[in-house]
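A.B. asks: Read off the chains here:
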Amino acid sequence: MNVGPDHERWADWAGVYVLGALPEDDCAAYEDHLAHCPACRAEAEELRVAAQAIPLSAPPMLPPASLKARIMAEVEREAELLASAGGAPKPAPKRAKRRFGLRLPMPAVALACAALIAGVVLGGVLFGADGGRTIDMQSTLPNASAELEMTDDGAILVANNLPTPPEGKVYMVWIQKPGQAPEPTSALFTPRRDGSATASVTGDMDDVETVLVNTEPLGGSTTPTSEPFLTASLS
Amino acid sequence: MGRDMDVRALADEDLIPMMARGDARAFEALYERHSGAAYSLAYRMVGKQAMAEDVIQEAFINLWRSGAHYDRGRGSVRTWILGIVHHRAIDALRRSSVHSKRRSDDETAAERLESPERVEEDVARRDEASIVRGALDVLPADQLKVIELAYFGGFTHTEIADMLESPIGTVKGRMRLGLKKMREALAHGAVEA
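Protein sequences, first through last, are from chains A and B.
Heads up, the first sequence is in the numbering used here, so the first residue is 644 and it goes up one at a time.
Heads up, the second sequence is in the numbering used here, so the first residue is 202 and it goes up one at a time.
For reference, chain A alone in the conformation it holds in the complex:
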């Protein structure tokens, strides 16, 4: 089989490449070589079959149901936004009592949505064309800060400088109505590496007096098991 220029230099690299063990710079150089070397290309394709089977050797496990709930909450929220913007032909099914969901940083949302609904002005779609009031949240954690941005269909919580929750714990958003105990939501989140975090509220907030965030075991709780460290008063 034909070989490309510098074949001798790259002859042993196919295995490293298909395992994803090449640093980025080497990876780009090797891919450039692959484009010109049929022999290495054929070997990489052959070894890739083996490499792609490796993940299937992991001991089979089932993901917790709460994980699917968190992911679907976000997916359905975005599907509804896209549908309401006219970009999605098939609206997502409604799910009872799923009011909260996690959000990734705005640039990620914008990028993703741009691919789905070209031409839509995202700021208006996601946050309401007229914006909304922003409420500073009270924090009991040093350096941590957060605010709640009210939207037409809920609110968006944006926090900064949050510590990583203890192992086996996540942060959880609660809502509280006057004279009532805090109600759980499905908004469970952990901050990103830089301490920032965002969670969205997509339900009716008319009767909500307070939004709280505390620390709970993975999967959340039905009643708070720790004191809130972030509090927003909506009244």
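Just so you know, not all the hints are guaranteed correct.
Here are the in silico distance ranges between beta carbons for each label pair [claimed, not checked]:
no., chain 1, residue 1, chain 2, residue 2, range
1, A, Gln781, B, Ser331, 47 to 57 Å
2, A, Glu852, B, Ser331, 50 to 60 Å
3, A, Pro702, B, Asp207, 26 to 36 Å
4, B, Leu211, A, Pro702, 39 to 49 Å
5, B, Asp272, A, Ala672, 15 to 25 Å
6, A, Asp649, B, Ser367, 20 to 30 Å
7, B, Glu214, A, Ala708, 24 to 34 Å
8, A, Asp850, B, Glu233, 32 to 42 Å
9, A, Ala712, B, Asp272, 29 to 39 Å
10, A, Gln781, B, Gly274, 50 to 60 Å
11, A, Glu810, B, Ser367, 28 to 38 Å
12, A, Glu852, B, Gly274, 50 to 60 Å
13, A, Glu651, B, Ser297, 32 to 42 Å
Example chain A residues on the side facing chain B (calculated, C-beta under 8 Å, incomplete) [stated by the list, open to error]:
no., residue
14, Asp655
15, Ser700
16, Met704
17, Pro706
18, Leu710
19, Glu719
I should point out that these hints are in silico values taken from the structure, not numbers from a laboratory.
Beta carbons: idealized from backbone N, C-alpha and C, even for Gly.
Chain A is fixed; fit chain B onto it per the hints.
C.D. replies: For chain B alone, kept in the frame of chain A given last:
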């Protein structure tokens, strides 16, 4: 109900364009089909439940938002999804302090219990895992080690060479030879990724 059943009966390749148009049911069908293998991979790599969940959440949200980028010429949908999970898990490992540690004790034993509706799928996955593990088991220990450190550990070949105090050329050679043997073994086991 009827529509849900129809969606679940569709092939992965048919669900992807539906998902790319914003159909959450298509995404849910893909999640149901592949989250088990994806979570198993994530947990195998990061060894911690919370981190594995974060990896899966990031990977599937990424999948939801990038469905239009799937290229069937580069492999199956499952391969694509597991590739996303693999990259996310490596990112998580590299930014955590547990990169050099292996999985912890069996902290999630309860989650390994199967719900009745998952039995058939899990049996299939167990069989599949067994065949691939069989293909890995034919490898000499030194070849298996470099392959596992690279794939599941997320280490580069130079990091592995340092760890094992072996020349880089030796590590590269073991990876290549190990994958060739594994490829031959898989050809007999008829497992496709």
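A.B. asks: Any hints this thing doesn't respect? Which numbers, in order?
C.D. replies: When the structure is compared with the hints, only number 4 turns out to be violated.
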